[in-house]
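Going line by line, the protein sequences match chains G and B.
Note that numbering that gives the first Met the number 0 has the first sequence beginning at 0, numbered continuously upward.
Note that numbering that gives the first Met the number 0 has the second sequence beginning at 0, numbered continuously upward.
Keep in mind that the hints were calculated from the coordinates and are not lab data.
Mixed in with the good hints there might be a few duds.
What the hints assert, rightly or not - With beta-carbon atoms standing in for the labels, derived distance ranges:
1. B:M405 - G:S3: 49 to 57 Å
2. G:T89 - B:E431: 30 to 38 Å
3. B:P268 - G:N96: 48 to 56 Å
4. G:M66 - B:K186: 23 to 31 Å
5. B:K186 - G:L77: 36 to 44 Å
6. B:R393 - G:T24: 42 to 50 Å
7. G:N91 - B:L436: 33 to 41 Å
8. G:R54 - B:E442: 36 to 44 Å
As the list claims (entries may be wrong) - Some, not all, of what chain B presents toward chain G, calculated at C-beta under 7 Å:
9. L124
10. I135
11. E152
12. A154
13. F158
14. M160
15. A166
16. V169
17. L182
18. D226
19. D397
20. N399
21. I401
Using N, Cα and C, we set each Cβ at its ideal position, and we do this for glycine too.
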Amino acid sequence: MIVSYGEVLGLAVCLFFMGMICVATRRNLIMILIGVEIMLNASGIAFVGAALRWRSLDGQAFVLFLMAVAAAEVAVGLALIVYAHRHTGTINGDKYNLMKG
Amino acid sequence: MQTEWFSLLPLIILATGGSVIFCLGAFLRRQESTALLFGLAVVTCLASGGSAVSFRNLPGQLSGLLAIDVFSSFYTVLFATITLITLLLSYQYAKNRGFFGDEFLGIILFAAAGMVLIAASIHWLPFFLGLEMVSISLYVLIAMRRGDSLAIEAAVKYFTMGAVASAFVVFGIAMLYGATGTLDIMKSLDVGGHVDNRFLLLFGLCLILVGLCFKISLVPFHLWTPDVYQGAPAPITAFLATGTKVALLSMFVRLAVYGGDSVGAVFAPAVWIMAALTMVVGNITALAQTQIKRLLAYSSIAQMGYMMMALLAFKHQGPAAVIFYSVVYAFTDLGAFGTVGLLSPNNSDRDAIADYKGLGYAQPAKAALLTLCVFSLAGLPTTAGFIGKFVLFRAALDANFIGLAMIGILMAILSLYFYLNIVVVLYMRPAEKTTALKTTGNEAILACFLIATIIFSLGLFPSFTLTVIEQIVDHISNP
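Assemble the whole structure, with the sequences as input and the hints as a guide.
Written out as structure tokens, the structure is:
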């Protein structure tokens, strides 16, 4: 392998934390969704790297399922955001604060 | 390995039932088909639970992905019952509020299939798929009631929290796989000879535990819970609070039994602190609540704390106690949230505790069930909650977690105050205003009857269930 598992892992961990920072700091719901996607795809990279490291197909099979699940999650998430936007007129996460206590 | 396809029947029935309902919903008129579709969903639940009972002794292992054994069959029956009761409780509720239809039933069945998948998986892939099936179904179910601002807010919050938690779980699984080269749950918890991979393994497990703790709302990952439980329609809250949590607790039991010896010592202090915090914060915050769904949400957080306490005793009676208490918790919370739904007028859920004044006389049967569930949550004798708390605390004391058990017992005593307060409001305060409720349908009465029977029978004759559960734990600890 030209690229070692350690380097792939480093990239995946960096991406994962970038996604996490995006989720934690952005208030726009769509940006939060993008952050989650980055986190999921970081795991995809880690899986492929590990599959090459151990010469097994399990990790690559997992990535196929992961992509399908991520697509389903985005579909439902975007539908939810559109629906919420129609009802409340905002996609700012901080504006969803009717309940407290 | 011989693949016995029919050992998968409980799952196939749930998934097929959901798909058939979706297909029929495309052709039938909504007004005319509600009873038919509802009947079909009920039959699906019964068939799935029934097939799980009859296949419980199959040594079915499906290419290392799923284990269809007594453990998963027990949970399949439990999830089928939870789903059945949810369906019975929500039929009239959803019809009166105009969100009953094929999509509602189909999605509930898919969520149930996801829960069964979680309980049956011995491989991280089906576990992840099951987790996502449950979560994505619930995002939709929470927002099902159109135009309800609180429900929209709950769905948005549950979606952001749930998606982040799922991402944590997947990344953790990727780290485990990188460290051990296998996705088999039991093997992936042990690094064996590769000591240099131990850090990666622990990092991965940390992420998985954070993700799972989000989903079962342990303190400090609990902040979404009260908002989501308050905003979601009451029968959906019942489903969300019981089904998801019981499914994930089955995973916690599996992790504790499989990985207790190799990594248990590393995580025990963290779990100790989280269990203590969860019991303290859950119960103390519940004291200040004025809305019943928020109060029940904090109470459900506290119940998770008790279960985490017993899970620490994984070498003793802990796993059996957790499984037993999760059964108790499931039916008690179904009853509590379910009666809140049944007592609610059509425009919004009856949420303020003050609105329950005098209901003990206006709605005697439903108020009695709510009282029974509250007693069971408080752990008063003759109810299931008493036996459940007893086995939990006994497991913790046997394993010498005396400090933690003391915190738990103190908090359980403290919690009596807010639980009994509900009963006082129901029976000892005169009603201020009366809102007419529509008469309750037979199916909801049947659900209430089922819940009351289960709570009493687990409370008075727990030995049968406890023996079954001990066999199950034996089975998964000595494969």
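Results for each hint:
1. B:M405 - G:S3: 49 to 57 Å: holds, 51 Å
2. G:T89 - B:E431: 30 to 38 Å: holds, 36 Å
3. B:P268 - G:N96: 48 to 56 Å: For B:P268 and G:N96 the Cβ distance comes to about 35 Å; the hint is violated.
4. G:M66 - B:K186: 23 to 31 Å: holds, 25 Å
5. B:K186 - G:L77: 36 to 44 Å: This hint holds: roughly 38 Å between Cβ atoms.
6. B:R393 - G:T24: 42 to 50 Å: Since B:R393 and G:T24 have Cβ atoms about 46 Å apart, the given range 42 to 50 Å holds.
7. G:N91 - B:L436: 33 to 41 Å: holds, 38 Å
8. G:R54 - B:E442: 36 to 44 Å: violated, 55 Å
9. L124: holds, 6 Å
10. I135: B:I135 check passes; min Cβ-Cβ to chain G is 5 Å, inside 7 Å.
11. E152: Holds: closest Cβ of chain G sits about 4 Å from B:E152, inside 7 Å.
12. A154: For B:A154, the interface hint holds, since the closest Cβ of chain G sits about 6 Å away, which is under 7 Å.
13. F158: holds, 6 Å
14. M160: violated, 10 Å
15. A166: Check passed: Cβ of B:A166 comes within 4 Å of chain G, closer than 7 Å.
16. V169: Given a least distance of 4 Å, the restraint on B:V169 holds.
17. L182: holds, 5 Å
18. D226: holds, 5 Å
19. D397: violated, 38 Å
20. N399: violated, 37 Å
21. I401: Not OK, violated: B:I401 not within 7 Å of chain G, min 34 Å.
Of the numbered hints given earlier, the model fails hints 3, 8, 14, 19, 20, 21; all others are met.
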